[in-house]
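Join the two chains, each given in its own frame, into one complex according to the hints.
Listed in order, the protein sequences are those of chains S and L. Under the numbering used here, read the first sequence as residues 149 to 466, first letter to last. Under the numbering used here, read the second sequence as residues 403 to 851, first letter to last.
Simulated from the structure, these hints should not be mistaken for lab results. Glycine included, each C-beta is placed from N, C-alpha and C at the ideal position. Take these hints with a grain of salt, some might be off.
Unchecked claim - Estimated spans, in silico, between C-beta atoms of each pair:
no., chain 1, residue 1, chain 2, residue 2, range
1, L, L661, S, V416, 36 to 46 Å
2, L, A636, S, V416, 29 to 39 Å
3, L, D801, S, G225, 34 to 44 Å
4, S, K378, L, K798, 28 to 38 Å
5, L, A702, S, I354, 38 to 48 Å
6, L, K798, S, K356, 31 to 41 Å
7, L, Q796, S, F271, 30 to 40 Å
8, S, W247, L, E422, 51 to 61 Å
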Amino acid sequence: MDNKDMILTVSSSPHIRAKATTSSIMRDVVIALIPALAVAAYVFGVKALLIVALCVATCVASEAITERIMHRDVTVGDWSAVVTGILLAFNLPVQAPWWMCVVGCVFAIVVVKQLFGGLGHNFVNPALAGRAFLLSSWPTHMTGTAYIPLTDTVTSATPLGILKEGGNLAKLPSDLNMFLGLHGVYGAIGEISALALLIGGVYLLIRKVINWRIPVIYIGTVAILSPLFKQDPIFMICSGGLMLGAIFMATDYVTSPTTAKGQVIYAVGCGLMTMFIRMFGGYPEGVSYSILLMNVATPLIERFTRPRVYGYAKEKSE
Amino acid sequence: MQKTEICSFKGGIHPPYNKELTNAVPVREAKEPAVVTIPMSLHIGAPCKPIVKKGDTVLMGQKVGEATGFVSSPVHASVSGTVKAVEERPHPNGNNVLSVVIESDGNDTVDPSIKPYEDFTSYSSKEIIDIIKNAGIVGMGGATFPTHVKLTVSPDKHVDTVILNGVECEPYLTADDHLMQDHPDRVVKGLQIAMRALNVQKGVIAIETNKPEAIQAVAKAAEGFQGIEVQKLATKYPQGAEKQLITAVTGREVPSGGLPADAGVVVMNVGTAAQVALTFETGMPLIERYVTCTGDAVKAPCTMKVKVGTPYQEVIDQCGGFSQPAAKVISGGPMMGVAMQRTDVPVMKGTSGILCLSKEAAYIPEPSACIRCGRCASVCPIHLQPFLISAFAQKKRWDRCEEFHALDCIECGSCSFICPAKRTIVSSIRVGKRQVQAERKKKAVKSNG
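Only chain L is shown next, with the shape it has when bound in the complex (with noise of 0.2 Å):
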């Protein structure tokens, strides 16, 4: 059932979106990367321990790395071949990370303990859970947290909605957009595995009004199916960040320091989704993911079909390389994406887009005075005042910054992108932020002392 009135939330920008680059550009199939670099971490939470060795063969879909408690995510080889090295290897994240490498024999053999489960409905909570915490699936919006962790909710919490992210409000990005178009039933499957885990009746998918395929594709796909809803939302950022999406979406709040459990929801990225609905299918692990590669640096931006693994740099060779130098490779969107110091990282689970900006377009002005315009304060989707907390946390006033609600922050960067004077707004109250939890963490500690 397709919804007919559009939800929003209070705040948000409208950067410019430029999703014009990939969006009507056909899903390649990447080639077949030559070597792949499987980091132990490629969640939020411990890091895996390898369990091959170098010189080992190891097949497509072949565990590679063991998850080393609760919050963990096992991960698997995406090519089949011989393992290189089990060495530290650059990450996205800035930091070395041991990692398995390796070199693929181009024949993509499937590790045959892979098989296609029976249909999902024959399964229990527990049992469906147990299979996506085996085939490694993460958030892959960006977040990579475990998403068996996410499905397991404490009885105390009464979840009643499951609500599908595919808001995709950050600009230039088109993986999602692409993957509800191509696999719509997939979302859908995926939306209907997850309500029968979580034992919830309602599920939403949300989509912001730009884009209308998108919305036509699944509303099509979600036909006839008790409880599901499309759900079309206003185009802003950052519509899809998860409290103003639940808000959008349910009129719930979700309470300062709490989860969207303690509004009664669980959310999901659709990316998320269709690879729940791809493992019951074949029983393949999460391997492979679309990507937009964009940006006016790249020759030919377009959302590729990735196997995870594979080095950033031959993505954008595959787009026709650099149409000019880039002074900003980012691992994401622009609004919340992580600059990169280099190009040889490997494509992660949550690696939803590689946008590579000119010098220009990368360009940001210097700072200058604040003026008190209140552009921030007004932005802001938690009703945060940004130029007071980042004051404070200049002034290395830590108390002040607690007290009007950095903790609270999403740092979705509306602030600093609205800001006239330019202002690095969300940095400072990022520094406030950690400074606020390690004054936190003294005191916790003093008090058990």
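So that you can see chain S by itself, here it is in the shape it has in the complex (with noise of 0.2 Å):
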């Protein structure tokens, strides 16, 4: 073939690219959320994929309408509105009404991601910062009771709600009941399964989507801490919306530090404060806030943690 015809590319190296794209990870996190949104199913019912399919449209919409009135190109196709879909989703009980899910959503895209730039660009995570900002507007909707299907029970207090006032403790499930998350166990539609939350981890570990850092030092950390508060390390860990935020949401990209020694510092310091919120605070429960509280250190973080560059001395190295 004579190469009189052709029209050569002439662009800057490298001239390959690897093979994963933003798409292509935020699938991924998709994909390692399933088993959680099977247990939550079997668990509550429909009730509880109709809530996260909600979810889900109205942060598509909101970002596919956002971006057109701002003349930004729509990037719905990138699946980030979708993971924010589910994981706000996923921050929800059961009981939670179709209007307040709309407004987390909406909260979530346009205020927190769009309004600050799009993609890449939050300061926080959207779905923690909407699921904040539900807490705070409607806190009778976001806790109150729940009829649970499976168990055809009505309860009223998550396990760690029960810890926090005093209740029975008898009451309280056991270990491996708050591990599998399938029996008698009330909580957040996502929240509820450390087993299913950590296979998800096991896959995004897997497909190198995360690094091991963050969730193995939260969680850590919050193991490590509750014997010195006389609390039982395994209900600490397997309780609340621990194992969701540690794996899914403190390991947010746009939200957490991207240097080695700032993820410890970022993991550490959600560790400490989830445990100080549920032993010190007015919440039962601290992750959401701890992780925002981090998020919004993070560029501080950052700042003190830079790697040392090639060529230069330790000591001379910012």
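Below you can see the structure in the form of structure tokens.
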């Protein structure tokens, strides 16, 4: 073949790219959330699936509409709004009214994400900010009672809630039930099964979507601190939103440090804050506020944990 | 001596290597080119001054361009024949460069002044460096830095090790792999000559683990030679980048802004070493080299022995030509190679590969927003934070680029390769580097004036 009729492309190196894309990463996160979604459907029934579907649809639609209005490229194809939708739904109780789901999602996507510049520019995790917004606006809807079809019971308090209010400790589920989340445990839609969330976490580790530092150190910090407060470490790490938060939300790229040292500090900070809120705070659970606070601290942490650049002596590095 | 441990550096990537296209295909000698174009710039540094004119008869190995400074290197006729023109011709760097165009008479009559040298041990360090200089030997890994300059180390620097770079971490390329298998004795001899020129007792030949045959061949050739070791390195890009290689082999770091000599090391490509040995063996200057012509747009990819000055198109044609329309023809490998506008440019002293990629293989997706995943930082072999530097460069914050050490970037492209948002990170860092350098120059002028 002659090259006379060929037009050669000239661009700067490198001329090849890795396969992973933003959307393939976000899709992996969605896949990793499926086990927890399955448990939610099994325990809470179809209502849980409807809430997730509603949140995903609202997030994607509000992202598309906002971007259209702001004359930005519509980027819903990157799956990041889907992830936000699932995560926000996972943080809601199953009795959450439909309008509250919609308000939370619109707040997360429009205010927290798009108004700050879209993907990569939000300074806190949109799903967590959405949850915090709902919790402070309609606290009764965010806690309250719920009917669990699986066990045919109406429950009112989460295990951490029972602990906080000094209720009947005999009502606390066993460690095994807490870990599996299949039986007699009440909590937000996606947080009840530590096992399902761990499976998702392992998948993300294998796919190299996340590294071990933030989840392991965050959960480890809580486990190590528990005995100091005379708490059962297994109960502490399997209860509330810790697994969901540590694996799926504290690891959000945009709002966590990129440096190895920074990730360690950030994760320890999340763990400390979570324990302090659980033990001393007004709320029974502190995962989402802990992560939000550490999100805000991320730029500061990064500033002081810059890696030592090759060719600079140790003491000279900033 | 072959060391058993495998060394490496922190960071780096694992691109698809695609070396199987050519690594098992025996090396072929390219057909005698009818016309060669010898640019006066086949190296980094001052261009040569032509010393022949149109109509002159030249012999193979005859000098046709004289070096014009210390950091410069003479160029020689790679064929015998008649000078057809001395004029500007397209150069792989994208510009037109003054070149000597020689029509071959097909005889390859060697210049009678070219004679084998005596055993290298009978020459002093200075004599060796002069021989290398006159033979127009430059770094054949691609950077084409004149070898005699590299071997002239200022006396305040204490060099104790010569490392031969046989890493060839660029995907697709197998020129050094084949060279080490075909001429392991020359590689070892070249190393000994360089060690003598530098008065150094330790030589290391570093090869990536994905070239077991080359490791075996070179280890066998190095057997029994005092102070020469073969070091296996992990297969990872950019293992062959000078700084990463030095750190992997010696554990030392080249200080920022410094030279390998500041870490007590001189690094040479294995091809350069083999050429040095060949020059001592036969007297012939650098007029020929191994070139890997490969890619999915080439019918029969292979590594070939090619005369300097042969047009790219002729090399491609000898590999069966294009099997499908090539969207990109790259001089060198896909990570750091330069995309060519045309294929009539000549093979140079640093042309390790001619990579022809189809539209599919050359496809680069559109960039999207940075998601701060940190992958670029974790693969950066210099431990920079590429996403920050590139963002500062796009905002024209040159001061911030400098603060985040843009000037230390080695432009290996690992960040752009790994980026899931497909951002052209290294390209923006390059812009930042150039601006930082320009600002520094401005400041220097101001403070001097």
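Status of the hints after comparison with the structure:
no. : hint                        : in the structure
1   : L661/L x V416/S: 36 to 46 Å : holds, 41 Å
2   : A636/L x V416/S: 29 to 39 Å : holds, 32 Å
3   : D801/L x G225/S: 34 to 44 Å : holds, 37 Å
4   : K378/S x K798/L: 28 to 38 Å : violated, 57 Å
5   : A702/L x I354/S: 38 to 48 Å : holds, 39 Å
6   : K798/L x K356/S: 31 to 41 Å : holds, 34 Å
7   : Q796/L x F271/S: 30 to 40 Å : violated, 20 Å
8   : W247/S x E422/L: 51 to 61 Å : holds, 60 Å
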